[in-house]
Structure formats: C-alpha cells, structure tokens
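Residue numbers for the sequence shown follow the working numbering, so the first one is 1223 and each next one is one higher.
Don't read these hints as lab results, they were simulated from the structure.
Restraint-style ranges between C-beta atoms, simulated for each label pair:
| id | residue 1 | residue 2 | range |
| --- | --- | --- | --- |
| 1 | Q1347 | R1229 | 16 to 22 Å |
| 2 | T1309 | K1337 | 16 to 22 Å |
| 3 | R1345 | R1239 | 27 to 33 Å |
| 4 | Q1331 | G1271 | 28 to 34 Å |
| 5 | Q1331 | V1243 | 15 to 21 Å |
25 Å max Cα-Cα, derived DMTMM-like pairs, lysine to aspartate or glutamate:
| id | residue 1 | residue 2 |
| --- | --- | --- |
| 6 | K1270 | E1341 |
| 7 | K1337 | D1301 |
| 8 | K1337 | E1321 |
| 9 | K1337 | E1246 |
| 10 | K1317 | D1261 |
| 11 | K1317 | D1275 |
| 12 | K1317 | D1335 |
| 13 | K1270 | E1321 |
| 14 | K1330 | D1275 |
| 15 | K1330 | E1263 |
| 16 | K1270 | D1287 |
| 17 | K1270 | E1297 |
| 18 | K1330 | D1261 |
| 19 | K1270 | D1301 |
| 20 | K1317 | D1301 |
| 21 | K1337 | D1312 |
| 22 | K1317 | E1263 |
| 23 | K1337 | E1250 |
| 24 | K1330 | E1353 |
| 25 | K1330 | D1287 |
| 26 | K1337 | D1261 |
| 27 | K1330 | E1250 |
| 28 | K1330 | E1246 |
| 29 | K1317 | E1341 |
| 30 | K1317 | E1297 |
| 31 | K1317 | D1287 |
| 32 | K1337 | E1353 |
| 33 | K1270 | E1246 |
| 34 | K1317 | E1353 |
| 35 | K1330 | E1341 |
| 36 | K1337 | D1275 |
| 37 | K1270 | E1250 |
Backbone N, C-alpha and C define an ideal beta-carbon position, used for all residues, glycine too.
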Amino acid sequence: MVPVMGRPRVLLGDSSRAVLVFMEILLEPHFQVLGAVTDGEALVQAAKGLNPDLVIIDFSLSFLDGLGAARQLHELMPDIKVVFFTTHHDPSYAKAAFEVGAAGYLVKQYTVDLKHFLERIMRGQRVLHPEQLSTLTNAAGTDVCPADE
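Based on the sequences and whatever the hints tell you, model everything.
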C-alpha cells in the first residue's frame, strides 16, 4: 500500500478473517490499514516491520493470544497504541488488557462508532466501552474515559 499522509497507520489482529475484512473496509477511509493477521506471533512480527501507530487486537488469536501479543508489543514498542476490540464484556478481561498496556478496550457488539473511539485513543485518551464496564474497571484502579465523553 502507498502511504497516505495524515491518516494513522493501523495493524489489525483477529481470529476471524471475516471480521478482519469488515474492519479493513470500515477503517480504510480514515486510517491507513497496513495489514490484517489471525496469528499473535505474526502480529508482533508485522508490528516490528511496519511500525503502526495503532494495533487493534482481539483476545482470540492463534499461536499467541491477544493478551500475550499486547504484552510483547507494549514491551518492544511502547509508543504503539494497542486497542482490544473483542466480544468479551467481562470487567476482568478489560482490567487484564489495561494491565498489559492497552490504550482502549471496546466490546464489538456494543461499539457502533469504532472510528470515534479510535480517534479518541489516537488523541491520547484511554477508552473503555461499554460504559457499564467503566465503573467496575475504574474501581480496580484503571484510569479510563467513559465512552460517552
């Protein structure tokens, strides 16, 4: 792909090829999608080579789970913003994601405007959606912005 100035560079990781294709179509007008992988190890390797601004990741990846991949990305490339985009709406998953350095945690079935949340994350906010998780996760010591701010 030819680099386009001004658009954040994004790498996608999800266990579902269909979700990856959908996300590419959804994000491409606003972000430069560098690649899409279903394998956690491949995601980490791709990030090293492509140096994205943002990595959108699910918990379910083959060979290396999303949490492990996020931990490695945070250790190797701390400036990359990692966002979990997942079906898990359990606060313990959100807490674990933020503990390994995630900048955002979005539950797929409740996230209507993905672009809005990603733009907030790119501006430096830590975002958690849906809002019901915010109270539970904040009580656990995670400093995040509710989705409706």
